[in-house]
Every structure is written in C-alpha cells, then in structure tokens.
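Student: The whole structure should be built from the sequences, with the hints applied where relevant.
So the sequences go chain by chain: A and B.
Under the UniProt record's numbering, the first sequence has 34 at position 34, and the numbering climbs by one with no breaks.
Under the UniProt record's numbering, the second sequence has 101 at position 101, and the numbering climbs by one with no breaks.
It is possible that part of the hints are untrue.
One copy or any two copies: either way a pair holds, since identical chains are not told apart in the list.
Calculated lysine to aspartate or glutamate pairs in the DMTMM-like style (CA-CA distance at most 25 Å, straight line) [what the hints assert, rightly or not]:
1. LYS106 to GLU127
2. LYS142 to GLU120
3. LYS106 to ASP119
4. LYS151 to ASP104
5. LYS106 to GLU120
6. LYS2 to GLU37
7. LYS106 to ASP22
Just so you know, the hints here were simulated from the structure itself, not pulled from any lab data.
There are 2 protein chains.
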Amino acid sequence: MKDDTFYMNLALQQAEIAAENDEVPVGALLLLADGTEVLSHNAPISLHDASAHAEMRVIREACRISENYRLTGSTLYVTLEPCLMCAGAIVHARIGRVVYGAGDPKTGAVASLYEVLSDERLNHQPEVTGGVLADQCGDLLKGFFRSRRQKA
Amino acid sequence: MKDDTFYMNLALQQAEIAAENDEVPVGALLLLADGTEVLSHNAPISLHDASAHAEMRVIREACRISENYRLTGSTLYVTLEPCLMCAGAIVHARIGRVVYGAGDPKTGAVASLYEVLSDERLNHQPEVTGGVLADQCGDLLKGFFRSRRQKA
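Tutor: What follows is the structure, given as structure tokens:
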C-alpha cells in the first residue's frame with residue numbers, strides 16, 4: 001500500500017545516495033496532486049549550490065515539470081525536519097502536506113528551533129506529520145557523521 | 001564611488017526588470033570576495049520556480065561560477081528584506097554581509113517577522129545593514145501592487 005511509510009522508504013533510498021556521494025544523507029520525495037512522484041537527495045557540495053537541499057531540489061523539479069510555481073495539493077516526504085530555507089520554500093510553493101522523518105534539534109524549522117509551517121502570519125500552513133521512520137532516518141545521519149569523524 | 005548606495009542602485013535596476021516582467025519587483029546583487037558582481041531579479045512565475053527569488057538566484061549563480069557552495073566574504077544587496085527561505089540560504093552560503101532596502105512587515109525574516117540572521121543558534125551570522133535606498137525600493141513595490149489592483 002502506498003502509505004506514508006512507503007513513500008518515506010523511497011525518500012530514505014535517496015538519502016542513501018547522498019551518503020554515497022559524501023553529502024549529508026537527506027532524501028525527499030514530492031508526490032504531486034496528479035500522482036507524479038519527484039525524488040531527489042541533498043547535494044550542495046557536489047552541485048556547488050548552497051540551496052541544493054533535497055527538499056529544494058524536488059520543489060524546483062516539480063515546479064519545472066508542472067510549469068507552475070505553486071504545487072497545491074502536493075505532499076512532501078523528507079527524511080529530516082526541514083530547515084528555515086526549505087520551510088520557507090514549502091510555504092512559497094503552497095505544498096499541502098509535509099511528512100518528515102527525524103527531528104533536527106540544530107536547525108529544524110518545523111518543530112525544533114522554529115515552527116514556520118504553523119505560523120499563521122505567513123500566507124500558507126501545510127498539514128504536518130513528523131516522526132515517520134524517524135529511527136531509520138536518524139540512524140542514517142548518525143552513521144554518516146560518525147564515519148566522517150573517524151575519517152577526520 | 002562603489003559604496004552601498006551604488007550597489008543598491010544596481011539592485012534597483014534589477015527590480016525594475018522584474019516589474020516589467022509582471023513579477024514582484026525585487027532585485028539583488030551579490031558582490032563576491034574577488035570583486036565579481038552577480039545580478040538578478042525575482043522571477044518565480046516566469047521561471048516556474050517557487051524558489052526563484054532575486055536572492056536565491058544570485059546565490060545559486062554565484063555558487064555555480066565560484067564552484068563552491070559557500071560564498072565567504074561576499075556581500076548581498078537586495079531591495080527588500082529577505083524572507084525565511086532567502087535568509088536560510090544566506091546562512092547556508094555563509095554570506096558575510098547583507099544590505100537590504102525596504103523592510104517587509106509581512107514576510108521579512110531579518111528584522112520584521114523573524115530575526116534569522118542574528119540567531120546565534122544557527123552556525124553563521126552575517127553583518128546586516130537595512131534601509132539603504134529604502135524609499136526608492138519600497139516605492140517601486142507600492143507602485144507595482146497599486147497598478148496590479150487597478151488592473152484587477
């Protein structure tokens with residue numbers, strides 16, 4: 001069944017690709033209102049683009065293929081709680097629902113440092129579900145940073 | 001003399017291009033540490049990209065030409081106070097200084113709704129100067145929205 005766990009598993013596969021590329025392992029899947037699935041992974045270092053978080057990449061790609069700067073009715077799956085930049089883009093794109101895995105106590109802007117997606121002063125508030133496959137999503141990140149510290 | 005007013009005037013010319021394209025008139029200039037100037041304007045509707053704010057476009061382009069996801073020592077000039085998305089990207093890109101024109105009481109994330117760029121929980125705080133050519137920057141926006149209401 002194509003439920004939240006199903007889609008988060010696909011986002012996790014994307015996060016694994018990021019790790020293989022020595023990028024912080026975060027993956028995302030954007031499910032558009034027409035059922036189209038757009039997948040991507042974090043890649044700022046390899047793409048030379050400070051904005052190339054997994055969420056930004058699926059949002060930009062979905063806008064491109066939809067020929068629309070708004071993605072009404074879409075659902076974003078992402079393995080890590082979005083940061084300020086990505087939360088802002090989610091609001092701009094009018095994404096309908098956001099499902100994330102692990103919380104991010106350092107830079108999370110949905111529930112940790114900020115609560116951007118429920119800020120009623122902004123002109124859109126998506127539905128939010130956190131903690132889907134949180135352990136798997138978090139373990140991938142922890143393993144990545146542990147291995148990087150060992151290399152350093 | 002190439003001072004803040006000089007660069008903000010160039011950003012204003014970019015904002016005028018946005019207005020001519022029926023986009024909210026915001027313009028930006030990113031001055032890199034080596035003196036390179038990267039200019040762009042707001043274009044989410046015409047580019048089909050929710051993230052295509054003027055700031056994001058100059059950051060992405062500067063990263064591309066620098067082949068670096070960090071823009072240490074750069075100064076960003078932008079005609080309007082950055083939003084959450086752009087403020088987040090400014091932090092990620094490690095931009096050294098941000099100079100903006102008009103404040104944005106609705107979505108500004110530097111001094112109005114949020115104070116992202118001075119949040120010491122995040123791992124970078126650029127120097128900030130607001131209010132440079134604020135009247136010209138704000139008048140361009142007000143004129144744009146007035147003319148759009150008249151058309152509607």
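Student: Of the hints given before, which are not true for this structure?
Tutor: When the structure is compared with the hints, none of them turns out to be violated.
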